[in-house]
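Position chains B, C, D and E with the ligands against the provided structure of chain A, taking the given hints into account.
Residue numbers (our numbering), protein chains in the order written: chain A, 1 to 252; chain B, 1 to 323; chain C, 1 to 249; chain D, 1 to 369; chain E, 1 to 291.
Source of the hints: derived by calculation from the structure; they are not laboratory data. These numbers come from a predicted model, not from an experiment. Careful: at least some of the hints might be erroneous.
Okay, the calculated beta carbon distance ranges per label pair [stated by the list, open to error]: (1) Met131(C) to Lys306(B): 19 to 27 Å; (2) Thr111(A) to Thr106(B): 45 to 53 Å; (3) Ala78(E) to Thr106(B): 26 to 34 Å; (4) Gly93(A) to Thr5(B): 25 to 33 Å; (5) His114(C) to Met272(E): 27 to 35 Å.
All residues carry an ideal CB built from backbone N, CA and C; glycine is no exception.
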Amino acid sequence: MSQSLLKVTDLKKAYGAIQAVGGVSFEVQPGEIFGVIGPNGSGKTTLFNSMLGQITPDTGRIELNGEDVTQCGPLELNRKGVGRTFQTLQVFGKMTVRDNLIVAAQEHKGTMFGRMFAPGDSGLGGKADALIKRFRIEHVADKKAGELSYGQQKLVDIAMAFMSEPDLVLLDEPCAGVNPSLVGGISTLLKDLNRNPASGKKSSFVVIEHNMDFVMDLCHRIMVMVEGKVMAIGTPAEIRGNKQVLDAYLGA
Amino acid sequence: MKKSTLISIAVAAVFLCATPLFLKNYGIYLLTTWLIFVLATMGLNLTVGYAGQKSLGHAAFFGIGAYTMALLLKAGFSWWLGIPAAATLCFAVGLVLGFPALRVQTIYLAFATLGFNTAVWLLMRNEEWLTGGTFGINDIARPAFANANLVYYYVVLAFTVALGLLLWGLLRSPWGKAFTALRDNPIRAESLGISIRSYTLLSFAIGAAYAGVAGALFASLVQFIEPAPFAVGASIMMYLMVVVGGPGYFLGPVVGAAVGVVVPEWLRDVPGVSDWYLPLFGAAVVFLMVWLPDGLLSLPDRIKAKKQSKEASAARAAAGAKP
Amino acid sequence: MSDTCIEFNDVVAGYKDFMILNNLSFKAQTGSITLLLGPNGAGKSTVLKTLFGLLKPRQGTIKLYGESVVGLTQKDLLAKGIAFVPQGRNLFGQLTVWQNLELGGITIGKELTHERTPEVLEFFPRVKQRMNSMASALSGGEQKQLEIGRALLLRPKVILIDEPSIGLSPMVVGDVFKLLRKLADQGTTVLMVEQNVKSALKISDEAIALESGRLVLQKPASELLADPHIERLFLGGAHAANAAPAATV
Amino acid sequence: QATIKLANIVELSGGGATAGTNFKNGVELAVKEINADGGVLGKKFETITTDTQSNPGVAKGLTQKAVDNDVFAIFGPVFSGSIMVSMAESRKAEIPNFTGGEAASITKAGNPYIFRTSFTQETAMPKVARYINEVTKAKTLAIIYVNNDFGKGGLDSIKKALAGTDTKIVAEISSDSGQVDFSAPVLKAKQSNADALFAYSNEEESARILRELRKQGWTKPIIGETTLTGQKVIDLAGEAANGAIAHVGLTVDAPIPSIRAFRAKFEKAYNYVSDHNGMKGYSGVYALKAAIEKVGKLDRKAVAAAMHGLKVTTDKYPGVLMNVEFDKNGDLDRESFMVEVKNGKQEVIATVPPLNAGNVNVKTPAAKK
Amino acid sequence: MTDFLQLFFSGLATGGIYALAALGFTLLWQAAGTINFAQGEFVMLPAFMMLAFVSMGAPFLVSFLLTCILATAVLGWAFKRGIVDPLFKFGMMPIVVATIGLSIFMRNGMRAGYSAEAHPFPSLFADKLFNIAGVTITLADVGTLVLALLLVFATQAFLAKTITGRAMQAVAQNTESASVLGINVPRMIFYTFAINAVLACAAAVLVTPTYLAKFDMGESLGNKAFFAAIIGGFNNSRGALLGGLIVGVCENLAAAYISPAYKDAVALVIFMVVILFKPQGLLGRKEERKV
Ligand SMILES: Nc1ncnc2c1ncn2[C@@H]1O[C@H](COP(=O)(O)OP(=O)(O)OP(=O)(O)O)[C@@H](O)[C@H]1O
Ligand SMILES: Nc1ncnc2c1ncn2[C@@H]1O[C@H](COP(=O)(O)OP(=O)(O)OP(=O)(O)O)[C@@H](O)[C@H]1O
Ligand SMILES: CC(C)C[C@H](N)C(=O)O
Ligand SMILES: [Mg+2]
Ligand SMILES: [Mg+2]
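Extracted from the complex, chain A is given alone in its bound form:
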């Protein structure tokens, strides 16, 4: 029963002469929080995008619970329980914050035709409000998301990824621009969902982040990428002690 939740094998993606991702393999176990770190331009975002069908990888294989999902697009992966955030802000700028959250989960409720004349909030209003409260954006809940500050939008973006309670969530720099107190909040949230949320589901995460305190505290294992390749995979302690990693990324 040690089937990995996510298994990536020899993933490659090149842009012309630039090998953005050059043969990356790793596995994520159910219930694991997996960190991805590495210098700027080392291929982390490209790795996410090719795993999630946003761009087509040159070669490689992606398995979800043993099923080959290499050809799946973002939509199918979401339907299979994979959520994500983007490195650049991706909110629905003309919708209110609350609607942003509701729309993030509504497609997981009922059938398409069932939704045709269903109530507007799909019964998700309470859940949205709870997340809004948790991220302390109550006072802007009815503002258009496009009119929020950078950090507020980032929070909305992250909250959206959790609305449908996915089994696996891929987060690309969730803490960038977020106030340190809320960074702690995000960390707690991830841990809560990971351990045993009320729903009884155990969520797993893959997190790209440059905030080392956050990563080291949160992640069970960490992968270090450099120049599109895996330099090391290990526990936070191992990574911290890795001389190579120190030189390439963490600095003295």
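Showing chains B, C, D and E with the ligands alone in chain A's frame:
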């Protein structure tokens, strides 16, 4: 529902039902035309205003609906069959037209749809065996009881109100949110499980079905059709109506169609204007856009915002005055 | 060394009809690094935008070296030696990296731009490797580096920089902070917004905390660093009570 | 009723704008003259002009509006497609309706209130056909026509008129209204190896066809209808227009005093030379005047009835421009001309008698300018 | 074969005209991020201006220069002040609709205020025919093509090679960032529309002898130009040329060898094929990376 909303609805209902009683033939004809364009642009508002798909091919559906009605009547079918037939056919063609939208967006999509419109128009013009070509199809019937212009007006009114309510329900449902999400940020939408493909196609198909019904009603109103009213220029006018009214406002098409259909007629009758009514109409459109870029229906929002800011600055002044 | 460079006096500013900054007043000294702190949405970015003329203050005065800068265009401000690195994405994605740099130097002319480019690229080697790529093809961090480099090209006397650490890897953040410190020591005035508070405080001279567009604290950075309750600063008074996020969703 | 209201429902924008504007100017010029002259039965005409935008649906609505306004007679629309639709309204309201449309079908619907201001294609085309067959003696003919109701109607009529003669149509080439490049149609005409070409399109396109013909070195006869040799076409085509021959129902260049006078008056009023549509509108008003005066009272029904079989002559009504006779369908018949463009001028090379005059011999013109 | 060549060369000449009209679209898209539905009318107006100057007795070249100045003021400055400035920040839709309104205004204003007639227009080139191997070509055809070529490459070079050209593009891509760098945004926008106005004047001079000066000449011109631009690639001036030539030639061939009645569908069919394989147009740049 708020009391003020109820009152507005009542006033609108009285207006719509009573006005034609005071009008002569032409007035009724104009009012009916307006309703038909409200119906057609309601569909376009879904496609363009809510789902953000830049379609410049709406008149093609309008035309397909009109020809469907005309040809079915000529073939001896009932008028009541013509309406659902027009809607269904347009829905199907609309689904097909949605496919380019899965590949291209913005202006590219606008021209793909514009090209589709040209193609449909060419078919209407050249396939004389079916459409009568440029000679058109004459003597298109109305339902027997609605031969009088006034009665036909109420028939059209009934369709417009019923389909309007249906759309209203749809837009308030999760579908409405999904369309808006599609417009705002398709990439994010897809990663949240919103099927871009389904909603894009549906936004075209539903919009097209509305145009189809409108076209069928139009055929029976004018009782003669030929390709010209379904050419690209008409699509552009419909787009104009949606944007002038306020894209993404539910009642935008009601105002927009009034601008596009009634204002030119009104300008004609202003003394001393007659020759210049079209240039004036053009200038009015420019002026409206510059004044209210988000459409006429953004006016209440704007007034509200003004009021709020006034209150806020008053509050600030009061706060500042305190020691 | 202690003349006032930037001075906000009773400034009210905001978006459309919604005021964000409420009677804000503060000063920043020439040749120092002033750090703007506060919760998300406090109005930090709004301060920088208003100073750089992207928002018109409804009330109050903003002075630079004692002269009002309200109503000046960005071009005028750049001519006075102020440069601004905004938050978020600010590149021309369809132009190449080199063309982006060139446009950054549009106010100083082609020659100076060419002359100074090598030294900037020296500092950001990743950018140097990608000179002919479209800017939109760069990674998030690379884009940020390019943006910072583009501003440094001007050798500004005053730098307004909004959360430079977003997207940058820790080593690069350290380098950028060090560079800012060096520039400040050479007489450049820096007004910086940062959420990476601990590292930022280490290089700053003065810290200002905002909350809901109001100044809630202004202290020397060293004093804050030594404060055992520094964490509270991140939260803002209103939220201090429920600092720990709710347990479940 | 102090004035006699006339609705002028014409194409002032869209594809028919040139035709409609000319027609409207003609109507207004006639009305001004008649009013200055004391009006009809002591009453003055008053015109209300509206724009159909070249759109039949709009034309229909505007005709209803005219009916609502209780007008005495309606002029226009000019486009066949529009009048086909709008005349249902004037018929229902029993209002005489004068149109500039030339499609044969208009008067075939048995509408007693519709009247022509020009030949129908069914009157004109036999004359053209006869010329092609008897004078040009072409054994084969290529046709370039404009793909709208006007052009297609003309095509049908000429085909009918040529059927049974020994002139065979070897190419039917469609072109678009507003088309700019005619190299393909002309090439096709050349490839067909026909003895002559019949060109049937609006003015500007006619000019472009003529130019392309010259460019590709076409040397055989080029024959057309009214629109091929108008002054406008000559202005636009320049040298390329020389040699084009056309049958013209109405032309400002006709060597007839009443027409010369009209041409001068029109040019004075509007600063340009009228085309045949201006003449249609102008003569139409005078025909109405003649009918009203014949009836002696302002009774729409009676006037419409009187129009059928009405003969108007230029000695009594110079404004009708040429002697004219309306038949029971509302069609009109009169003399017409064969003209040729020579040195940038239209010259009448033959006068063609009315169709029902029995004698169809082509006479040589009496006077030359 | 001769026939084919005849069609081909005539098509090239027509294509040159399409390209000239399309050039304005690509310029406005690259340098202002807008679409001008009144672009055809922007050609029509200078044509009439020039006619007016010529009829007042001014020599051809003087008339052209006067027209350029006047057009820059009206179609450049006034257009920018009246429509572009207030609407620039509201995105594409309001500007599109405002220009639709403007085209209705200009077209019908010219008709109501001046003339519904088509007016002949003096040609820049002598009325001369060449016959090469059975193919007849007019001097005007060749001249139009050559000048279209020159204008396209000049525009392209200006946008790509000069700092001002790039600053103009920068404004279209990200206005706020452009102003943060000290780019004079209003001035760049003015340049864009001024250049567009001058290009429209040039197009007017070359196109009008064939299209004739008429209030609605812009309608058909605009339509074909759109397709030409989009087939070639909207964000590339050379695309306008390629697209224009392709549409011109294919239309002519289709009219002769397939069906003249469906001639107008040719541009559409080419467009559909192009977006199937290269959604950004033949020479167009790919849209930027979004995530
Ligand atoms: N364009 C806008 N329209 C309306 N309101 C806005 C706009 N931009 C920002 N705001 C509001 O102004 C307030 C302050 O925004 P600002 O960007 O200055 O915050 P900030 O302190 O920089 O926050 P962050 O740390 O998240 O970047 C926020 O509450 C936000 O909702
Ligand atoms: N569309 C593209 N075209 C060309 N090069 C690309 C493209 N996308 C990414 N790259 C290059 O691939 C490399 C990896 O980029 P990626 O965005 O994956 O980096 P990253 O690890 O996420 O960096 P960061 O920490 O800065 O976000 C970079 O050098 C980048 O310039
Ligand atoms: C003016 C003409 C070209 C129009 C034509 N008289 C018609 O019947 O439509
Ligand atoms: Mg990244
Ligand atoms: Mg900020």
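Quiz item: Does the Cβ pair Ala78(E), Thr106(B) satisfy 26 to 34 Å?
Solution: About 27 Å separates the Cβ atoms of Ala78(E) and Thr106(B), which means 26 to 34 Å holds.
Quiz item: Do the beta carbons of Gly93(A) and Thr5(B) sit within 25 to 33 Å of each other?
Solution: holds (28 Å)
Quiz prompt | Distance restraint hint 19 to 27 Å, applied to the beta-carbon atoms of Met131(C) and Lys306(B) | solution = With Cβ atoms ~49 Å apart, the hint is violated.
Exercise. Just tell me: holds or violated, for the beta carbon distance of Thr111(A) and Thr106(B) against 45 to 53 Å?
Key: violated (31 Å)
Practice problem: Given the hint of 27 to 35 Å, check if His114(C) and Met272(E) actually sit that far apart at their C-beta atoms. | Solution: violated (46 Å)
Hints 1, 2, 5 from the earlier list are contradicted by this structure; the remaining hints agree with it.
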